[in-house]
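> Given the sequences, and given the hints that come with them, work out the whole structure.
If you read the protein sequences in the order shown, they are chains A and B.
Numbered continuously in our numbering, the first sequence closes out at residue 213.
Numbered continuously in our numbering, the second sequence closes out at residue 259.
To be clear, the hints were calculated from the coordinates, so they are not data collected in a lab.
Glycine included, C-beta positions come from ideal geometry on N, C-alpha and C.
Computed list of lysine-lysine pairs in DSS-like fashion (alpha-carbon distance at most 25 Å, straight line):
1. LYS125(B) with LYS132(A)
2. LYS96(B) with LYS19(B)
3. LYS59(A) with LYS96(B)
4. LYS19(B) with LYS166(B)
5. LYS59(A) with LYS166(B)
6. LYS96(B) with LYS12(B)
7. LYS59(A) with LYS12(B)
8. LYS121(A) with LYS132(A)
9. LYS166(B) with LYS96(B)
10. LYS19(B) with LYS59(A)
One side only, chain B facing chain A, incomplete, derived with CB under 10 Å:
11. PRO180
12. ASN190
13. MET210
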Amino acid sequence: MNPRRKQRLLAVSGILVLLSGGVGAMLYALNENVDLFYTPSQLIEGLGEDKKKPVVGQRLRIGGMVVKGSVRRDEHSLKVSFDLVDTGPIVTVHYDGILPDLFREGQGIVAQGTLLDASTIQATEVLAKHDENYMPPEVAEAVKGIKHVAPKHTYPAGTP
Amino acid sequence: MFKWLDPYAKPQVLFATLLWWQRWLMPLSIVVLLLGTVWGLGFTPADYQQGDSYRIIHVHVPAAIWSMGVYAWMAIAAFIALVWQVKTAQWAIGAMAPIGAVYTLIALFTGAAWGKPMWGTWWVWDARLTSELILLFLFLGVMALQNAFADRQTGDKAASVLAVVGVVNLPIIHYSVEWWNTLHQGATITKFAKPSMDPSMLWPLLICILGFALLFGALTCLRLRTAILQHEAHRPWVRQYVQEQQHAAV
Numbered sequence: 054m055n056p057r058r059k060q061r062l063l064a065v066s067g068i069l070v071l072l073s074g075g076v077g078a079m080l081y082a083l084n085e086n087v088d089l090f091y092t093p094s095q096l097i098e099g100l101g102e103d104k105k106k107p108v109v110g111q112r113l114r115i116g117g118m119v120v121k122g123s124v125r126r127d128e129h130s131l132k133v134s135f136d137l138v139d140t141g142p143i144v145t146v147h148y149d150g151i152l153p154d155l156f157r158e159g160q161g162i163v164a165q166g167t168l169l170d171a172s173t174i175q176a177t178e179v180l181a182k183h184d185e186n187y188m189p190p191e192v193a194e195a196v197k198g199i200k201h202v203a204p205k206h207t208y209p210a211g212t213p
Numbered sequence: 010m011f012k013w014l015d016p017y018a019k020p021q022v023l024f025a026t027l028l029w030w031q032r033w034l035m036p037l038s039i040v041v042l043l044l045g046t047v048w049g050l051g052f053t054p055a056d057y058q059q060g061d062s063y064r065i066i067h068v069h070v071p072a073a074i075w076s077m078g079v080y081a082w083m084a085i086a087a088f089i090a091l092v093w094q095v096k097t098a099q100w101a102i103g104a105m106a107p108i109g110a111v112y113t114l115i116a117l118f119t120g121a122a123w124g125k126p127m128w129g130t131w132w133v134w135d136a137r138l139t140s141e142l143i144l145l146f147l148f149l150g151v152m153a154l155q156n157a158f159a160d161r162q163t164g165d166k167a168a169s170v171l172a173v174v175g176v177v178n179l180p181i182i183h184y185s186v187e188w189w190n191t192l193h194q195g196a197t198i199t200k201f202a203k204p205s206m207d208p209s210m211l212w213p214l215l216i217c218i219l220g221f222a223l224l225f226g227a228l229t230c231l232r233l234r235t236a237i238l239q240h241e242a243h244r245p246w247v248r249q250y251v252q253e254q255q256h257a258a259v
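Put into structure tokens, the structure is as follows:
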């Protein structure tokens with residue numbers, strides 16, 4: 054390899070290494086800000102080394118698993134509330150609107166809203182998170198013991 | 010070590026090689042893509058949670074994987090163009106960038122169309138989606154930069170630098186779902202772990218991934234050949250080739 058090529062090789066490699074280092078340091082510094090949502094533990098116990106907690110009234114996103122049996126629906130409106138959990142603490146979410154099709158107990162969801170008090174959130178948007186496992190219903194039944202049954206009674210279209 | 014590659018830096022030799030590859034890759038990619046998509050979209054079982062909506066994975070994942078793959082190849086070409094200053098490598102950047110941009114666009118569009126019914130939103134600014142969008146801008150940036158200068162050499166150099174520097178984004182895209190919490194789920198297919206997908210769904214997906222790769226190869230051959238003809242238009246061998254083609258057409 055002639056000296057000029059060697060010089061260019063070193064220069065290009067050098068730029069790439071320095072830049073990767075720079076971007077890496079930047080992303081490391083911004084680490085917590087790149088996260089899309091707080092987990093319930095982060096919300097209650099605080100985030101990062103200095104245990105910074107969000108303040109009441111702050112707009113934020115919360116992500117966690119819907120606690121089984123915690124979904125409470127209002128009979129006369131679309132109002133719904135449910136609990137979210139990850140590893141320990143539980144956070145309650147209130148929402149008034151249509152939930153996504155994948156919303157179910159035990160499912161991961163991400164809600165955006167404002168913090169009402171330390172562990173309650175009034176959500177303006179609820180999104181469903183799904184995992185990377187894909188399988189036919191028969192396999193899911195065998196592996197996970199999940200069986201989906203179509204509703205017995207459906208209303209014809211147009212009835213109130 | 011790479012002496013055997015030297016002849017391919019010569020446009021005329023490369024042109025003939027690309028023609029040979031293109032004749033194989035083009036029909037093969039069409040057959041493989043047809044097989045994969047028809048199997049995947051029409052004949053795989055529905056998912057236990059997402060029903061039929063998950064089928065778009067057979068377009069989304071191959072497009073997303075190869076949007077990054079195309080970028081990697083483009084960056085290798087850019088690196089060769091910068092260090093060894095091989096003309097054909099410079100043209101290869103311009104040949105590959107639009108293909109990568111379209112793959113990225115397909116990945117983003119199918120992702121949005123999948124996200125609306127499943128997540129409940131077309132778009133969310135999480136790390137995976139945002140870094141993939143940046144990849145689209147990198148492709149567009151390389152294309153724009155290469156043609157932005159009156160002096161072609163300056164444009165080639167600037168585009169090469171951007172292409173090489175943009176490689177930093179590839180690991181960010183890949184690991185975004187592990188480093189940060191995102192709405193986007195983790196990887197279904199990883200090299201080291203058992204894929205978290207039932208075999209009946211996995212096979213058509215793998216075939217589609219192969220199909221997108223073959224199509225990338227075929228289109229690159231086609232576009233690079235066009236670029237060679239354009240840049241070498243004044244050479245005798247190009248004139249002779251064009252004459253032969255005209256005779257064959259008549």
